[in-house]
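Protein chains: 2
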Amino acid sequence: GTMTAALLEQYRERIRTELDRVVDFWLKYSHDKEQSGFFNCLGKDGKVYDELKYVWLQGRQVWMYSRLYRTMERFHRPEILDAAKSGAAFLQKFARVQASSGPGKCAFCLTRDGRAVKVQRTIFSECFYVMAMDELSRITQDKEMQVKLLVKLVDSIYFMVRCQMFCPCSPQADAESMMDRLIFWVQTDSSDLGRPQLPGDPPINSMAVPMMLLCLVDQLTEGRTDVAEKYKDLSGWCVEQILQHIQRDGKAILENVTLNGKELPGCQGRLQNPGHALEAGWFLLQYALKKEDAQLQKTAVDKFMEIPFHTGWDKQHGGLFYFLDVDGHCPTQLEWNMKLWWPHCEALIAYLMAYSHSREPLLLDRFKQIYDYTFSHFSDEEHGEWFGYLSRKGEVVLDFKGGSFKGFFHVPRCLYMCEKLLDGLLERQDS
Amino acid sequence: GTMTAALLEQYRERIRTELDRVVDFWLKYSHDKEQSGFFNCLGKDGKVYDELKYVWLQGRQVWMYSRLYRTMERFHRPEILDAAKSGAAFLQKFARVQASSGPGKCAFCLTRDGRAVKVQRTIFSECFYVMAMDELSRITQDKEMQVKLLVKLVDSIYFMVRCQMFCPCSPQADAESMMDRLIFWVQTDSSDLGRPQLPGDPPINSMAVPMMLLCLVDQLTEGRTDVAEKYKDLSGWCVEQILQHIQRDGKAILENVTLNGKELPGCQGRLQNPGHALEAGWFLLQYALKKEDAQLQKTAVDKFMEIPFHTGWDKQHGGLFYFLDVDGHCPTQLEWNMKLWWPHCEALIAYLMAYSHSREPLLLDRFKQIYDYTFSHFSDEEHGEWFGYLSRKGEVVLDFKGGSFKGFFHVPRCLYMCEKLLDGLLERQDS
Chain A
1 GTMTAALLEQ YRERIRTELD RVVDFWLKYS HDKEQSGFFN CLGKDGKVYD ELKYVWLQGR
61 QVWMYSRLYR TMERFHRPEI LDAAKSGAAF LQKFARVQAS SGPGKCAFCL TRDGRAVKVQ
121 RTIFSECFYV MAMDELSRIT QDKEMQVKLL VKLVDSIYFM VRCQMFCPCS PQADAESMMD
181 RLIFWVQTDS SDLGRPQLPG DPPINSMAVP MMLLCLVDQL TEGRTDVAEK YKDLSGWCVE
241 QILQHIQRDG KAILENVTLN GKELPGCQGR LQNPGHALEA GWFLLQYALK KEDAQLQKTA
301 VDKFMEIPFH TGWDKQHGGL FYFLDVDGHC PTQLEWNMKL WWPHCEALIA YLMAYSHSRE
361 PLLLDRFKQI YDYTFSHFSD EEHGEWFGYL SRKGEVVLDF KGGSFKGFFH VPRCLYMCEK
421 LLDGLLERQD S
Chain B
1 GTMTAALLEQ YRERIRTELD RVVDFWLKYS HDKEQSGFFN CLGKDGKVYD ELKYVWLQGR
61 QVWMYSRLYR TMERFHRPEI LDAAKSGAAF LQKFARVQAS SGPGKCAFCL TRDGRAVKVQ
121 RTIFSECFYV MAMDELSRIT QDKEMQVKLL VKLVDSIYFM VRCQMFCPCS PQADAESMMD
181 RLIFWVQTDS SDLGRPQLPG DPPINSMAVP MMLLCLVDQL TEGRTDVAEK YKDLSGWCVE
241 QILQHIQRDG KAILENVTLN GKELPGCQGR LQNPGHALEA GWFLLQYALK KEDAQLQKTA
301 VDKFMEIPFH TGWDKQHGGL FYFLDVDGHC PTQLEWNMKL WWPHCEALIA YLMAYSHSRE
361 PLLLDRFKQI YDYTFSHFSD EEHGEWFGYL SRKGEVVLDF KGGSFKGFFH VPRCLYMCEK
421 LLDGLLERQD S
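From first to last, the protein sequence lines stand for chains A and B. Counting along the first sequence from 1, when you hit position 81 you're at 81 in this note's numbering, and nothing is skipped either side. Counting along the second sequence from 1, when you hit position 412 you're at 412 in this note's numbering, and nothing is skipped either side.
Derived by calculation from the structure, the hints in this document are not laboratory data. Bear in mind that the values here come from a model prediction, so they are computed numbers and not experimental data. There's no promise every hint is true.
Treat identical chains as interchangeable: a pair holds within one or across any two.
[As the list claims (entries may be wrong)] With a cut-off of at most 27 Å between alpha-carbon atoms, the simulated DSS-like pairs for lysine-lysine come out as follows:
1) 118 with 298
2) 251 with 47
3) 393 with 315
4) 251 with 298
5) 33 with 298
6) 368 with 232
7) 33 with 44
8) 44 with 393
9) 262 with 118
10) 44 with 230
11) 393 with 368
12) 251 with 291
Please construct the entire structure, taking both the sequences and the accompanying hints into account.
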């Protein structure tokens, strides 16, 4: 009733203010005005402490700016559009490695001026590249872009000659061709990634891969029925692969399983990552809502939210653990008991989405519990943005705002999603 | 005088007891009696929590057993010799990867039955392989071994045919041929390691490499003048490379520098690893004592012990930090403020060696300070062996005794070295 509405309004107010502050922080400190692209390594006060540019984070920042520009009135501003375009241009120019590591492979990390520093033997740089290009394509496929495409065509021919390969340069075409390569790597042959198949390391089902692809399909198909048709089977496959991670008679979500959904031996097989499971939870719920699949909606909440919340929440000091072992062994990751910002972001989205759909008060209580911990521990009132890494007891242990894995992504995506969900909730409340 | 002698005697007593307990722990829990080699992943009570076998740790355990067997009366026991031989046989049979990653490359991690799980694109698996084989060769080149070598010869021919390469199978020859390949990788061409040269990642001088090679030269040349002659230039080169890490007008030891000894930009260039610098300190001191180089002895103590001790010691909670940034930025390693067992092991060796040589009371005070923290925080009175990973405040955060990087090495090597140093000190005291 009214009390709930007042509470939701209070959340929305705080979340809206927080999102504004976070966007301001990155607009102010992260833009490399000389060499384009974004600085990722920002100290607690925004100062750059390292000039390296991480491809995951460049792609994510382009995606987030483009999404905010496209879908939120107050962020539909030229400086945000320009930043997104500049970041995308930097990626298109420098992210791909023309090395022995196979066609289309993107670097993980670049120097300030775009030279490759490191290449990961995984698919994630490419995934965030796809997200960036697709979201940008949704705001730039206008008249201005048509003109630019003619210019690009010339570049493109030059590039094809130079690289002896076809490089489509419109963001949407670029996203789709990279996506096709990703699917080939995941479903057909991963040898281009440069990791030799070793006899003691058979391929496994790591939850990150189907999650990431499901997220990409959602991205690429929004409002495009032809693309949705193309990737219909893929999204079904992703869901099936994610569901294989429900183990132990439905009582645990395990991060890694065999290709046919059985438990793996050792630490790898027993690993739990509660924040990751919660993220999978809202990916699944979103998909299930779109498909009107009630059974999958229930699975998303019961298995991918309630289980990781219960096992992952630290009853003693609050917050979500980073890693756990399903049999109670000590995890081998040195940071296992730290409280990281992103699992809390994902948990907030998950429970607010679940509540928003079912209006089940218990789910709002969960959101409240996570919200209280998150906003009192991670948000930095002094300089803006959030801290990323707390000790088990909640003290800030690493005080930077941006680093090799923390960019303009989990915090603003969480605030953006929550604001949208609260808008929806309060609108329905009004009517 | 007498008080110092009593204190030293007290240390020796405790260290001797501790070494016995540590050896017992690994003898009891780590041997894989069915498939040979050693289990590395042992819980706090010694129970195996993962069956993976890590090549660094297999090699180090062979080395440590062989060294104890050869140089300490009370460990000259058949079960220790057998364990060393069995571990070496496992390594010779399984460590090398016959894959695309180049000749001689060893795996980083194996399944229980010896199938490669992971290959690192570095030289360290090979380094510990060399250490293991060389130390073992010093105890097995006896009559029994001569006979075995005849048998091996047959195997060897079969192996050469199968692998289309020459594989010397006596441990000493094996150590030397692997060493030659290591030197080739480090000084001539590292492309066999499988890491493509990237334009933004030029080769650097990472302190671990010359340290490791200096340690290997010390290992290979003990009592062998012909081998010493062969590697004379190499050890000089290693020392020179290590000294390049003295930076900031002699006020800091930096972990990574350019190939011509200049500071690198960013986090990589500002990184300090106090425990590693202290380890380099005793490597250098040991070398300088052998060479009777007084200047280098002073550098080893003043630069590679006193600097990392002062910058690395946590004045608030005691113990050595794992990583620091020379400009006081927050390190980006999530575990930067944790207290790990091995830096404390290396610090104990460093200061006791320095004191043992100079008899400077200040150096014994440092030893005492590190000793008190170490023995009261890491040693496990209940189950034996040491914990490896404490929070900044000194609580045990990961409670296993063995893991992917913690084996039968730093703790027993520290106790072994300290016992030997104390024997020397007390002997001279007596006379």
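Hint by hint, here is what the structure shows:
1. 118 with 298: neither (41 Å within a copy, 39 Å between copies)
2. 251 with 47: Between copies only: 25 Å across, 45 Å inside.
3. 393 with 315: both (11 Å within a copy, 21 Å between copies)
4. 251 with 298: For residue 251 and residue 298, the Cα distance is within 27 Å only inside one copy (14 Å; across copies 61 Å).
5. 33 with 298: neither (48 Å within a copy, 48 Å between copies)
6. 368 with 232: Neither. Shortest intra-copy (36 Å) and inter-copy (68 Å) distances fail the 27 Å Cα cut-off.
7. 33 with 44: Within one copy only: 21 Å inside a chain, 53 Å across chains, cut-off 27 Å.
8. 44 with 393: both (20 Å within a copy, 23 Å between copies)
9. 262 with 118: between (33 Å within a copy, 22 Å between copies)
10. 44 with 230: So residue 44 and residue 230 fail the 27 Å test inside a copy (44 Å) and across (52 Å) alike.
11. 393 with 368: within (20 Å within a copy, 31 Å between copies)
12. 251 with 291: Within one copy only: 25 Å inside, 64 Å across.
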